[in-house]
Amino acid sequence: EVQLVESGGVLVQPGGSLRLSCAASGITFSDHYMDWVRQAPGKGLEWVGRSINKANAYTTEYAASVKDRFAISRDESKKSLYLQMNSLKTEDTAVYYCARLISGSNSFDYWGQGTLVTVSS
Amino acid sequence: DIQMTQSPPSLSASVGDRVTITCRASQDISNYLAWLQQKPGKAPKSLIYAASSLQSGVPSRFSGSGSGTDFTLTISSLQPEDFATYYCQQYYRYPLTFGGGTKVEIK
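Protein chains in written order, with the working numbering: chain Z, 1 to 121; chain X, 1001 to 1107.
Read the hints as simulated data drawn from the structure, not as lab findings.
Keep in mind the model is a prediction, meaning the values are calculated, not measured.
Keep in mind that the hints are not guaranteed to be accurate.
To be verified - Below are the BS3-like pairs computed for lysine-lysine, each with C-alpha atoms no more than 25 Å apart in a straight line:
| # | chain 1 | residue 1 | chain 2 | residue 2 |
| --- | --- | --- | --- | --- |
| 1 | X | LYS1045 | Z | LYS43 |
| 2 | Z | LYS79 | X | LYS1103 |
| 3 | Z | LYS79 | X | LYS1042 |
| 4 | Z | LYS89 | Z | LYS67 |
| 5 | Z | LYS89 | X | LYS1103 |
| 6 | Z | LYS54 | Z | LYS79 |
Chain Z with its partners taken away, still in its complex shape:
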């Protein structure tokens, strides 16, 4: 059974940093593209960024709104995906989801339950 479990969401002050984790099980972690998607309270979904698979050297892509502030990485040994968030702004307040992409499709299939990040003074 595929499971994605996010953690690390907390209350943080503007300008602060935070690292979110997404622990994967039931998948061949290195084979799949993995994304972060966020949802501000009461709002729609916003794509944050992507970790492409091992065959593509875990290349990353980012939304313009987070590029140069956020960084996505992986630890194969822990089957974990990370989102390092720096220079946080109040508008980064959201539930952050990790999601797996179908091999060869670039479309999502499995999602984690999400973790809430609140940026406030």
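Given chain Z's structure and the hints, the job is docking chain X onto it.
Same frame as chain Z, but now just chain X:
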């Protein structure tokens, strides 16, 4: 960025009704279109990819169609568990973008 426009933003329907939600892309995205379902307080669930392919385990009352810029999600006979918000999403080009959502409510 590719803009995704859904209509209607919300609709009221009864159990057993046929429901249709439309999604328009601001440029040709071929069939790189997915539909997601989200219930309050829950993570999104992927329903359809490649415009018309059902994800494993998704009931056959859900169907998708379209290509290019215009797409449709149809629920052939609405069930109580289908009351939720539905999002379309393009994955033709970075950045991935989502429609604003359609909330399906009980009439």
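Hints, verified against the model:
no.	hint	in the structure
1	X:LYS1045 to Z:LYS43	holds (17 Å)
2	Z:LYS79 to X:LYS1103	violated (35 Å)
3	Z:LYS79 to X:LYS1042	holds (23 Å)
4	Z:LYS89 to Z:LYS67	holds (13 Å)
5	Z:LYS89 to X:LYS1103	violated (29 Å)
6	Z:LYS54 to Z:LYS79	holds (12 Å)
Going down the numbered hints, you'll see the structure goes against 2 and 5, while the others check out.
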